[in-house]
Amino acid sequence: MTANVADPLPRAAAPPVRRGGVPARPVVAVLAPVVAAAVALAVHFALPDGQLAPLSWLDSLPSWRHPYPVAVAAVAVGAILAAVGQAVLPSLRSAVRHAAPLVAGAVGLVIAWEVVTTKLNWLHQPFFPGPDEVFGAMVEDREILLESAWHSLWLLAAGYAVGVTAGLVTGVVVGWFPRVRYWAMPALKFVGPIPATALIPLVMTLWKDSFPCAVALIGFAVWFPMTILTSSGIANVRLAYLDVARTLGAGRFYLIFHVAIPAALPNIFIGLFMGLGASFLTLIVAETVGVQAGLGWYLRWQQGYMEYAKVYATLILSAVFFSTLMTVLFKVRDRVLKWQKGVIKW
Amino acid sequence: MNNPRAAEGAVLVARNVSKAFTAADGSTVVALERVSLEVAAGELVSLVGPSGCGKSTLLRLAAGLDHPTAGELTVGNEPIAGPSADRGLVFQDPTLFPWLTVRRNIEAGLAARGQLRRRRREVDEYLTLVGLDGFADAYPHQLSGGMAQRAALARALVNHPGVLLLDEPLGALDQFTRMRMQDELLRIWAARGTTMLLVTHDIDEALYLSDRIAVMSPRPGRIDRILDVALPRPRHRNDRRFLDLRSRLLEAFDLTCVEPAPASPPH
Numbered sequence: 001m002t003a004n005v006a007d008p009l010p011r012a013a014a015p016p017v018r019r020g021g022v023p024a025r026p027v028v029a030v031l032a033p034v035v036a037a038a039v040a041l042a043v044h045f046a047l048p049d050g051q052l053a054p055l056s057w058l059d060s061l062p063s064w065r066h067p068y069p070v071a072v073a074a075v076a077v078g079a080i081l082a083a084v085g086q087a088v089l090p091s092l093r094s095a096v097r098h099a100a101p102l103v104a105g106a107v108g109l110v111i112a113w114e115v116v117t118t119k120l121n122w123l124h125q126p127f128f129p130g131p132d133e134v135f136g137a138m139v140e141d142r143e144i145l146l147e148s149a150w151h152s153l154w155l156l157a158a159g160y161a162v163g164v165t166a167g168l169v170t171g172v173v174v175g176w177f178p179r180v181r182y183w184a185m186p187a188l189k190f191v192g193p194i195p196a197t198a199l200i201p202l203v204m205t206l207w208k209d210s211f212p213c214a215v216a217l218i219g220f221a222v223w224f225p226m227t228i229l230t231s232s233g234i235a236n237v238r239l240a241y242l243d244v245a246r247t248l249g250a251g252r253f254y255l256i257f258h259v260a261i262p263a264a265l266p267n268i269f270i271g272l273f274m275g276l277g278a279s280f281l282t283l284i285v286a287e288t289v290g291v292q293a294g295l296g297w298y299l300r301w302q303q304g305y306m307e308y309a310k311v312y313a314t315l316i317l318s319a320v321f322f323s324t325l326m327t328v329l330f331k332v333r334d335r336v337l338k339w340q341k342g343v344i345k346w
Numbered sequence: 001m002n003n004p005r006a007a008e009g010a011v012l013v014a015r016n017v018s019k020a021f022t023a024a025d026g027s028t029v030v031a032l033e034r035v036s037l038e039v040a041a042g043e044l045v046s047l048v049g050p051s052g053c054g055k056s057t058l059l060r061l062a063a064g065l066d067h068p069t070a071g072e073l074t075v076g077n078e079p080i081a082g083p084s085a086d087r088g089l090v091f092q093d094p095t096l097f098p099w100l101t102v103r104r105n106i107e108a109g110l111a112a113r114g115q116l117r118r119r120r121r122e123v124d125e126y127l128t129l130v131g132l133d134g135f136a137d138a139y140p141h142q143l144s145g146g147m148a149q150r151a152a153l154a155r156a157l158v159n160h161p162g163v164l165l166l167d168e169p170l171g172a173l174d175q176f177t178r179m180r181m182q183d184e185l186l187r188i189w190a191a192r193g194t195t196m197l198l199v200t201h202d203i204d205e206a207l208y209l210s211d212r213i214a215v216m217s218p219r220p221g222r223i224d225r226i227l228d229v230a231l232p233r234p235r236h237r238n239d240r241r242f243l244d245l246r247s248r249l250l251e252a253f254d255l256t257c258v259e260p261a262p263a264s265p266p267h
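Line order of the protein sequences matches chains L and Z.
Going by UniProt numbering, the letters in the first sequence line up with residues 1 to 346, in that order.
Going by UniProt numbering, the letters in the second sequence line up with residues 1 to 267, in that order.
Treat the hints with care, as some may be off.
Now the in silico label distances, taken between C-beta atoms and shown as ranges [claimed, not checked]:
1. L/W207 to Z/R117: 23 to 33 angstroms
2. Z/P234 to L/V328: 35 to 45 angstroms
3. L/V180 to Z/V29: 46 to 56 angstroms
Pulled from the structure, derived: some chain Z residues nowhere near chain L, Cβ distances all over 10 angstroms [as the list claims (entries may be wrong)]:
4. E8
5. E38
6. L65
7. N77
8. A81
9. G88
10. D93
11. P98
12. L100
13. R103
14. Y139
15. D228
16. L250
These are computed hints drawn from the structure, not numbers from a lab.
By construction, the Cβ of each residue, glycine as well, lies at the ideal position given by its N, Cα and C atoms.
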């Protein structure tokens, strides 16, 4: 009975890693970031500045110790190490060859940014500072930026946890019990689409403290997509799974928690992703109106002082922050849904 | 039966069972009308018939997933009130839980009934029984159709059901895999003595496997006649008596007369 066995284990052990668009000439690809970093340094030091930078803490440092050229030099050193590393260690090869052109491209964008601002002054101060100032601002305000990021993370985690938990509970109940579904769906369709931020005036009346208000807002923003996607996932579980489970002796607990919920997981993850996106938006807005801490609050504060270098610094940090959280959720998804055949890539 | 373990089967009885469904437009569709069938303990009975003759409906009633409109079904003299682990069900689609590995699928019945801790070690026996030892940790999407169906069979058997209800379990498999699986099914049946009720479209399969064949006809679904297959096992598909029974069965479906008269069958 093993003659017809198509051996699946090699597929399971070593999934083919498809990296689309990897350049055909690896040497050029691997050295590209080094070249790009050298060009960036040349542009930075050799070309005259066309923009007049405002006074800042950077003025007390020699120009080669500014954070921007130091960071570019670090990229160059890192790229050289990676190039050597991938030549020596074959295990690094595909990752380095995949990443190198992307790093070079990112450095290229920063070069373009410096050229149109600091060097040629096509975009003017104070709204368009160059990378030297923005990197400087990031280093100067590193403590308050990290503190803001930490505060944002804490608020986001609290709100997201509340929204996900509530959404899972209502989603499962609405999805599993047809009678609840009958009464709840119209209400959900009516209340759910309200943008959470529109509820700010209402929520502010519930608590004196701004933190629970923000948690409630983020929770609401996450709760709606979680509820809708969980309930549709539960309600659309293939009946055959439930039938088979019942003939195996499953009771209601097993049917809900071991059949319906796992079967609905792909949907639930779509809800988690939509909820995460909604939570970012709500977080930033909540922080700019009520909460006196966090990335959104800092952004608004620096905008008030026309400190655009710090605004950009905050935006860059926020991008890293949100993107990291999104990546973490994708990793969790890939792990939890590893039983699925084809999954969307991040 | 000539083996010591043939003690698991239970008697399955359907008495004057009718089942009607209400269609979307409010009209009533009679899927089964006054069907009576008695399957002895350890017997293998096939239900054959064209689409819409109520074979699958009868199986679902026996599984307890639906309730008859009239009449009653019993297993071992107990009326069937709902689904139970005593009556295993295997569909044409293996319906393995895709989020569980093969091992965890087979364990599902034990886990659902809180017996997993006590009986975990039996699961390996079942993996061996259906020839999936090397695939315990594979996910269903990594299995071929035949392997998935064997896993589904093991998942039903681990509960030691008195009756195994098979709804075209081999219908989606290619010819070669199907013939191998038929032998597999007979091997398990002989080893366990489980009562089996098999729905099939395949007349040869019914003849090869069954003790008796219930021939059904549609609109409304009912059992027209029951054919005894008094052939010793192992059976040979080209045996004269096998072919005689085959033509009798085809006659029962009026299928012999649609063949052009002068042409001889390609054997």
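Problem set entry | Distance restraint hint 46 to 56 angstroms, applied to the beta-carbon atoms of L/V180 and Z/V29 | Roughly 30 angstroms apart at Cβ, these two residues miss the hinted range, so it is violated.
For this session: Would you assess whether Z/E8, listed as outside the interface, keeps its beta-carbon beyond 10 angstroms of every beta-carbon in chain L?
Result: 16 angstroms, holds
Exercise. Can we trust that Z/D228 is non-interface, i.e. its beta-carbon lies farther than 10 angstroms from all of chain L?
Worked result: 29 angstroms, holds
Exercise. Z/L65 clear of chain L by more than 10 angstroms, beta carbon to beta carbon?
Worked result: 5 angstroms, violated
Problem set entry | Outcome of range test on Cβ distance (L/W207, Z/R117; 23 to 33 angstroms) | Once the Cβ atoms are compared, 47 angstroms apart, the range 23 to 33 angstroms for Z/R117 and L/W207 is violated.
Exercise. Are all C-beta atoms of chain L more than 10 angstroms from that of Z/L100?
Worked result: With a cut-off of 10 angstroms, Z/L100 comes too close to chain L, as the shortest Cβ separation is near 7 angstroms.
Problem set entry | Consistency of the no-contact label for Z/R103, given chain L and a CB cut of 10 angstroms | 13 angstroms, holds
Exercise. Taking 10 angstroms as the cut and beta carbons as the points, is Z/E38 off the interface with chain L?
Worked result: 21 angstroms, holds
Problem set entry | Beyond 10 angstroms from each Cβ of chain L, as asserted for Z/P98 | 6 angstroms, violated
Exercise. Should the label of Z/A81 as a non-interface residue stand, given a Cβ cut-off of 10 angstroms to chain L?
Worked result: Per Cβ check, Z/A81 is outside 10 angstroms of chain L; nearest 12 angstroms; holds.
For this session: Would you assess whether Z/L250, listed as outside the interface, keeps its beta-carbon beyond 10 angstroms of every beta-carbon in chain L?
Result: 30 angstroms, holds
Exercise. Since Z/G88 was said not to touch the interface, does its Cβ keep a gap of more than 10 angstroms from each Cβ of chain L?
Worked result: Non-interface label on Z/G88 violated, nearest chain L Cβ at 6 angstroms vs cutoff 10 angstroms.
In summary, the numbered hints that this structure violates are 1, 2, 3, 6, 9, 10, 11, 12 and 14.
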